[in-house]
Amino acid sequence: MAKERLVVIGNGMAGIRTVEELLKLTTDAYDITVIGEEPYGNYNRIMLSPVLAGEKTIDQIMLNDEQWYIDNNVRLMKGQRAIEIDRVKRCVVTQDGSVTAYDRLLIATGSSPFIIPVSGNDLEGVVSFRDIKDVDAMLKAAADRQHAVVIGGGLLGLEAANGLIQQGMSVTVVHITDSLMERQLDEPAAAMLRKSLEGRGLNFLMGAQTEAIIGKNRVERVRFKDGTEIYADLVVMAVGIRPNIELAKLAKIHCGRGIVVNDTMQTFDPVIYAVGECVEHRGLTYGLVAPLFEMAKVCANHLAKYGIGRYEGSMTSTKLKVTGIDLFSAGDFSGNDNTDELVFQDASRGVYRKLVVQDNRIKGAVMYGDTIDGTWYFDLMRDETDISDFRNNILFGQAHLGDSGHGNDNRVASMSASAEICGCNGVCKGDIVKAITEKKLFTLDDVRAHTKASSSCGSCTGLVEALLAHTVGGEYSAAPSKKPICQCTDHSHDDIRSAIKEQGLKSIRAIMDSLGWKSSDGCSKCRPALNYYLICQWPAEGLDDYQSRFINERAHANIQKDGTYSVIPRMWGGGTSPRELRAIAEVAEKYQIKTVHVTGGQRIALYGLKKEELPKIWGELNQAGLVSGHAYGKALRTVKTCVGREWCRFGTQDSTHLGIELEKMSWGSWTPHKFKMAASGCPRNCAEATIKDFGVVCVDSGYELHVGGNGGIKVRATDYLCTVKTEAEVLEYTAAYMQIYREEAHYLERTAPWIERVGLTYVKEKIVEDEANRKSLAARFIESQKYMQDDPWEERAKGGDKHEFEPMKTITPHKETVEV
Amino acid sequence: MSVAKSQDQWVVVGTISDIPKLGARVVRLEAGDIAVFRTADDKIFALRDQCPHKGGPLSQGIVHGDRVACPLHDWKISLNSGIAVAPDEGCAARFPIRLEGETIYLSLQSSDVAA
Ligand code: SRM
Ligand SMILES: Cc1cc2nc3c(=O)[nH]c(=O)nc-3n(C[C@H](O)[C@H](O)[C@H](O)COP(=O)(O)OP(=O)(O)OC[C@H]3O[C@@H](n4cnc5c(N)ncnc54)[C@H](O)[C@@H]3O)c2cc1C
Ligand code: SF4
Ligand code: FES
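Residue numbers (the working numbering), protein chains in the order written: chain A, 186 to 1005; chain B, 21 to 135.
There's no promise every hint is true.
[Stated by the list, open to error] In silico EDC-like cross-links for lysine to aspartate or glutamate, where the CA-CA straight-line distance does not exceed 16 Å:
no., chain 1, residue 1, chain 2, residue 2
1, A, K703, B, E50
2, A, K949, A, E980
3, A, K668, A, D679
4, B, K41, A, D747
5, A, K994, B, D53
6, A, K795, B, D108
7, B, K41, A, E222
8, A, K994, B, D38
9, B, K41, A, D730
10, A, K994, B, E50
11, B, K41, A, D986
12, A, K859, A, E956
13, A, K949, A, D574
14, A, K710, B, D62
15, A, K625, A, D213
16, A, K624, B, D38
17, A, K746, B, D86
18, A, K401, A, D418
19, A, K859, A, D747
20, A, K241, A, D729
21, A, K318, A, D256
22, A, K624, A, E222
23, A, K686, A, E989
24, A, K188, A, D213
25, A, K274, A, D454
26, B, K96, A, D329
27, A, K971, A, E726
28, A, K951, A, D571
29, A, K960, A, E914
30, A, K987, B, D38
31, B, K74, A, D747
Quick caveat, the hints were computed from the structure, so don't treat them as lab data. As the structure is a computational prediction, the values presented were derived from the model and not from experiment.
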């Protein structure tokens, strides 16, 4: 079958990103031609600022060199301007008169700088700041001239001014209002910014309106409305941009401020798509790259005829790429009568933070001086998280949310290149920065794949994100608004869970078919998640897909680095008996088990076991009543207890008995991530109940319930839920809490991050305040436990899943060879 | 090893129903295990049961498409070539394997030099 012809007008960031996304999905759907006015491959436009400042070279900012087009069979018509689209004949005419036919067309013409209509605006020495040509002109002027005037005190203007001062020019920034970057900054932040830029030698003329640019051939002076004049050898116009829509308009494609597109990036002519700064989507135009990347993904998906994915608009944030100045702004930062302002200001340290809050949701943020928490605020804003539970501390940042351990409050910028970022994989700052710049990485996933940083325990994710933001500049707000569960799909965890429920999907295949999976049978990330969602939603139907479980859950033991396994039997509430200990001792001797270890979870682990011996060992342990401790599962793990009232002089309730009851009720249940509990007999809390997923602290009047704690990488102490009077109530609350977590959390999201995402208030509403809801959650938990509480070891000791434990064949030398 | 020579070494190791779809089994040898994989569409592949990263047992991984994800650190290895999926680098040795009817024949002589 002949390939269709795809023509792309505009060889810039959005157009080529779309082509890249398309090539990831299919390489044989289209013959692709790219028409680009600029005489180069595709480069990272936002890095023009560091190039101007002398921090980067043009070579370092090329994203796709010409060889890339050859390697990917993309025809590049560089240095050619498209001048006409003939929608009837379906072809594009370029300046040199050649005609290129298309079956589908993609317009990605970006935008053009706005040139203020004053006399002299066409003199030599008047430039804009948009492409390599402009930067060349500025560098040339800087080499042999003195005075630069930058018109426009916005993002681009300030980056240009900073670059020019680095190049040794004397620079004056002319701004029409009294406050810099007034679309992104409030007055205090703008004043701090101005002060530090003045400290670097920039001059400002505020409230000044340009009237004329004066000179014979070349610019000599700039005159303002009030009659004053200043010298200028170079004038940079950075007053704004306009979507580049002339070509589309000429072809009578419907345009507003930009080319109007729908949620699938189609224009009013359905074979013509548009992406990037030239489009208008739901009434908005964008001037940053993060939205363009999202558009590119959706557009590619439709070009590849997958037909899923919609672009629903983006929330953007801004940073200024001037080395040494940290500034962050997002959302509505000016507020109104219905909003509150939370402000932190430390003038001598040069730190300012303001959050605009409405109904306990962040609506906007401005930060100056210390922006490490910008991403966190942005996430809270985008997810509309209820902040009431930590509103008191929110201005101090994420690192102050009552946890210790290594939070991401380290200043990545000031870290040395040899500082270790990822402790699991031994990756240093220098390695990561090098990979980001040399391999042109944009996303966390890219960095994970190339450097392994943040790909194991994940505790350094915040640091790696900060490094990315620091190294690639403003564009790293690129986290998409809806996070897909893995690369096999564009759907989020929540989308998938509701589809399973609403459409009654009952197998992994059905989910993949119904939601249009991009891979044939998923990957090691999505399959275990889908499997969990199915068994959680339909517990009675035995849908467990063995091959979609991680090895530990298939083998019911933990795989070790040498391929052997460890086995940890359950010790109810941390208790054991001579009979159990004897059985463990005998097994350890008989099978020559090298390591017997008392775990951090109050039980005993056997290490270094051969896989084929597991069923036999389990059979022997079973005889003493020992069953699986699920130490390998995203499941109920341990319930730690202290001895409590039975022995302890301070004990208020029978915490040991309570712990055992809790474990009897909940063992065998599968959960999104592991789930640990503890019960302490008094507030001295010897069982460490306040760093567990669910903890009970016994008090004289009853039982305090605590939720959402964990030890581990980032210690989080629990939040206090409520106090109840009886053991029966403890059990009911526990069941309800486990069930709401099981039904609503994302796979591999532990209760601590889950609670931070949904808010303690939400959990209280559902469990403490709404009795009917609590009872029905608890009932669903108990119902699903009916199908879960069979000891998996016993089943396998009796011969279940034989194939898992035995080799398919054992071959001894010289015996089994057959002649064919 | 030449193909002619390795043909002398075909060994019956079992039938396709011995391996679950999207699963793997091992063939135990003194020289080390060989992992035999079965994909969703009943293709079979054989690799040395040793991840090029740190020797993890590939037979214990999750099979998807024609790849397996190593159980230890989640490298993805292509079953067809034995090569780690980029950006990871490395290669697990392949063994010739064929299906005749239900029966699986395996050659114990790796087809890769690196064996
Ligand atoms: C066996 C044990 C260490 C020991 O010998 O004492 C252990 C061993 C492992 N832990 Fe642990 N943890 C053990 C108690 C703990 C504890 C202490 C506790 O439970 O009170 C903690 C801190 C408390 C907590 O979980 O909040 C703990 C926090 C972790 C974490 C970090 C969890 C987090 O949310 O940040 C991980 C990593 C993970 O799960 O992703 C982890 C992961 C692991 C893994 C599964 C690593 C892996 O993926 O292979 C280790 C498995 C080794 C094996 O093959 O058995 N282990 N681990 C302990 C088993 C307890 C048990 O009886 O079941
Ligand atoms: C100096 C600078 C700094 C920036 N910093 C940031 C930042 O920190 N963070 C951020 O998110 N964004 C930043 N931006 C904005 C970002 O670069 C743009 O949003 C992005 O490049 C837009 O992509 P696009 O593909 O829509 O347009 P472009 O990248 O401009 O690509 C459009 C291309 O189409 C070509 N073209 C136009 N018309 C025709 C035609 N008729 N025929 C052929 N070719 C044509 C143009 O020559 C151009 O190459 C910055 C921009 C500049 C200029
Ligand atoms: S047992 Fe836990 S703390 Fe120890 S090395 Fe393994 S994961 Fe790390
Ligand atoms: S040993 Fe296979 S991924 Fe590390």
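Structure-based check of each hint:
{"no.": "1", "hint": "A:K703 - B:E50", "verdict": "violated (41 Å)"}
{"no.": "2", "hint": "A:K949 - A:E980", "verdict": "violated (39 Å)"}
{"no.": "3", "hint": "A:K668 - A:D679", "verdict": "holds (10 Å)"}
{"no.": "4", "hint": "B:K41 - A:D747", "verdict": "violated (26 Å)"}
{"no.": "5", "hint": "A:K994 - B:D53", "verdict": "holds (10 Å)"}
{"no.": "6", "hint": "A:K795 - B:D108", "verdict": "violated (29 Å)"}
{"no.": "7", "hint": "B:K41 - A:E222", "verdict": "violated (52 Å)"}
{"no.": "8", "hint": "A:K994 - B:D38", "verdict": "holds (10 Å)"}
{"no.": "9", "hint": "B:K41 - A:D730", "verdict": "holds (11 Å)"}
{"no.": "10", "hint": "A:K994 - B:E50", "verdict": "holds (12 Å)"}
{"no.": "11", "hint": "B:K41 - A:D986", "verdict": "holds (14 Å)"}
{"no.": "12", "hint": "A:K859 - A:E956", "verdict": "violated (26 Å)"}
{"no.": "13", "hint": "A:K949 - A:D574", "verdict": "holds (11 Å)"}
{"no.": "14", "hint": "A:K710 - B:D62", "verdict": "violated (22 Å)"}
{"no.": "15", "hint": "A:K625 - A:D213", "verdict": "violated (26 Å)"}
{"no.": "16", "hint": "A:K624 - B:D38", "verdict": "violated (44 Å)"}
{"no.": "17", "hint": "A:K746 - B:D86", "verdict": "violated (24 Å)"}
{"no.": "18", "hint": "A:K401 - A:D418", "verdict": "holds (12 Å)"}
{"no.": "19", "hint": "A:K859 - A:D747", "verdict": "violated (24 Å)"}
{"no.": "20", "hint": "A:K241 - A:D729", "verdict": "violated (53 Å)"}
{"no.": "21", "hint": "A:K318 - A:D256", "verdict": "violated (27 Å)"}
{"no.": "22", "hint": "A:K624 - A:E222", "verdict": "violated (26 Å)"}
{"no.": "23", "hint": "A:K686 - A:E989", "verdict": "violated (32 Å)"}
{"no.": "24", "hint": "A:K188 - A:D213", "verdict": "holds (7 Å)"}
{"no.": "25", "hint": "A:K274 - A:D454", "verdict": "holds (13 Å)"}
{"no.": "26", "hint": "B:K96 - A:D329", "verdict": "violated (55 Å)"}
{"no.": "27", "hint": "A:K971 - A:E726", "verdict": "holds (12 Å)"}
{"no.": "28", "hint": "A:K951 - A:D571", "verdict": "holds (15 Å)"}
{"no.": "29", "hint": "A:K960 - A:E914", "verdict": "holds (10 Å)"}
{"no.": "30", "hint": "A:K987 - B:D38", "verdict": "holds (10 Å)"}
{"no.": "31", "hint": "B:K74 - A:D747", "verdict": "holds (9 Å)"}
Checked against the numbered hints listed earlier, the structure breaks hints 1, 2, 4, 6, 7, 12, 14, 15, 16, 17, 19, 20, 21, 22, 23 and 26; every other hint is satisfied.
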